[in-house]
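Peer 1: Sequence:
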Amino acid sequence: MLNFHRATKSPFIVNPYPYFNYNPQTLNYAIFRKNGGILDKYTKIRYTNMLDAQLDAIYSAMKRIGYGDVQIMIGETGWPTQAEPGQAGVSPDYAASYINGLISKVSSGRGTPLMPGRRFETYIFALFNENLKPGPITERNWGLFRPDFSPMYNALGIMKGQVGTTKHQANQHY
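Going by the numbering used here, the first residue of the sequence shown is number 1, and it counts up by one from there.
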């Protein structure tokens, strides 16, 4: 597959989700908030956000098998705004921290510790909450907007004007 991407000069599309790997102790690290970082014992690099660590892990694997020149694109990433009761780190404010940190990171041109100066074309998951989707509460609440088009929170560079993060009527169906 990576040979195909090299031959066609197309990016390898990955879906890094720090949300699926965080715990209460690593929450700030996962959502781009100030933290002491985590030292990678193999590279001796101190990562201050989980997205960089995930992207560098992918890059390291690609480079090891001879495909370090293939570009990486973020096909989807995001953070939910609602989850099961009692789950730490899930709210519109946490989602805003992740999405705003993500936008700042990928638009800065800084790259990652192992890929300095690289830009990553990035797609945010998801545009809308999917209130009728089956499964856990989290599965329905990744959107920048509710099904009625009202914003969930203010995302840097996406929303215009002041947007609150107050809860929407939970039992309303669209």
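Don't take each hint at face value.
[Stated by the list, open to error] Pairs of lysine to any residue residues, derived as SDA-like cross-links and limited to a Cα-Cα distance of at most 25 angstroms, are as follows: (1) Lys105 to Ser60; (2) Lys105 to Asp148; (3) Lys63 to Gln25; (4) Lys34 to Lys133; (5) Lys63 to Pro113; (6) Lys105 to Gln71; (7) Lys44 to Gln54; (8) Lys105 to Asn3; (9) Lys34 to Lys105; (10) Lys41 to Asn154; (11) Lys63 to Lys133; (12) Lys9 to Lys133; (13) Lys63 to Ala126; (14) Lys105 to Ala126; (15) Lys133 to Asn154; (16) Lys44 to Pro24.
[To be verified] Now the in silico label distances, taken between C-beta atoms and shown as ranges: (17) Gly75 to Leu156: 37 to 47 angstroms; (18) Leu156 to Pro11: 33 to 43 angstroms; (19) Gly36 to Asp148: 20 to 30 angstroms; (20) Lys63 to Pro85: 39 to 49 angstroms; (21) Thr8 to Leu39: 16 to 26 angstroms; (22) Gly37 to Glu76: 34 to 44 angstroms; (23) Thr138 to Ser60: 25 to 35 angstroms; (24) Phe20 to Arg118: 29 to 39 angstroms; (25) Thr26 to Gly117: 22 to 32 angstroms.
Worth flagging that the hints you see were computed from the coordinates, not collected in a lab. For clarity, every value in this text was computed on a predicted model and none was experimentally measured. Virtual Cβ for every residue (Gly too), placed ideally from N, Cα, C.
Peer 1: Decide, hint by hint, whether the structure agrees.
Peer 2: Evaluated hints:
no., hint, verdict
1, Lys105 to Ser60, "holds, 20 angstroms"
2, Lys105 to Asp148, "violated, 29 angstroms"
3, Lys63 to Gln25, "violated, 31 angstroms"
4, Lys34 to Lys133, "violated, 34 angstroms"
5, Lys63 to Pro113, "holds, 14 angstroms"
6, Lys105 to Gln71, "holds, 17 angstroms"
7, Lys44 to Gln54, "holds, 15 angstroms"
8, Lys105 to Asn3, "violated, 28 angstroms"
9, Lys34 to Lys105, "holds, 14 angstroms"
10, Lys41 to Asn154, "violated, 37 angstroms"
11, Lys63 to Lys133, "violated, 38 angstroms"
12, Lys9 to Lys133, "violated, 36 angstroms"
13, Lys63 to Ala126, "violated, 30 angstroms"
14, Lys105 to Ala126, "holds, 18 angstroms"
15, Lys133 to Asn154, "holds, 24 angstroms"
16, Lys44 to Pro24, "holds, 24 angstroms"
17, Gly75 to Leu156: 37 to 47 angstroms, "violated, 21 angstroms"
18, Leu156 to Pro11: 33 to 43 angstroms, "violated, 24 angstroms"
19, Gly36 to Asp148: 20 to 30 angstroms, "violated, 41 angstroms"
20, Lys63 to Pro85: 39 to 49 angstroms, "holds, 43 angstroms"
21, Thr8 to Leu39: 16 to 26 angstroms, "violated, 37 angstroms"
22, Gly37 to Glu76: 34 to 44 angstroms, "violated, 25 angstroms"
23, Thr138 to Ser60: 25 to 35 angstroms, "holds, 29 angstroms"
24, Phe20 to Arg118: 29 to 39 angstroms, "violated, 23 angstroms"
25, Thr26 to Gly117: 22 to 32 angstroms, "holds, 27 angstroms"
In terms of the numbered hints stated before, the structure departs from hints 2, 3, 4, 8, 10, 11, 12, 13, 17, 18, 19, 21, 22, 24, listed from lowest to highest.
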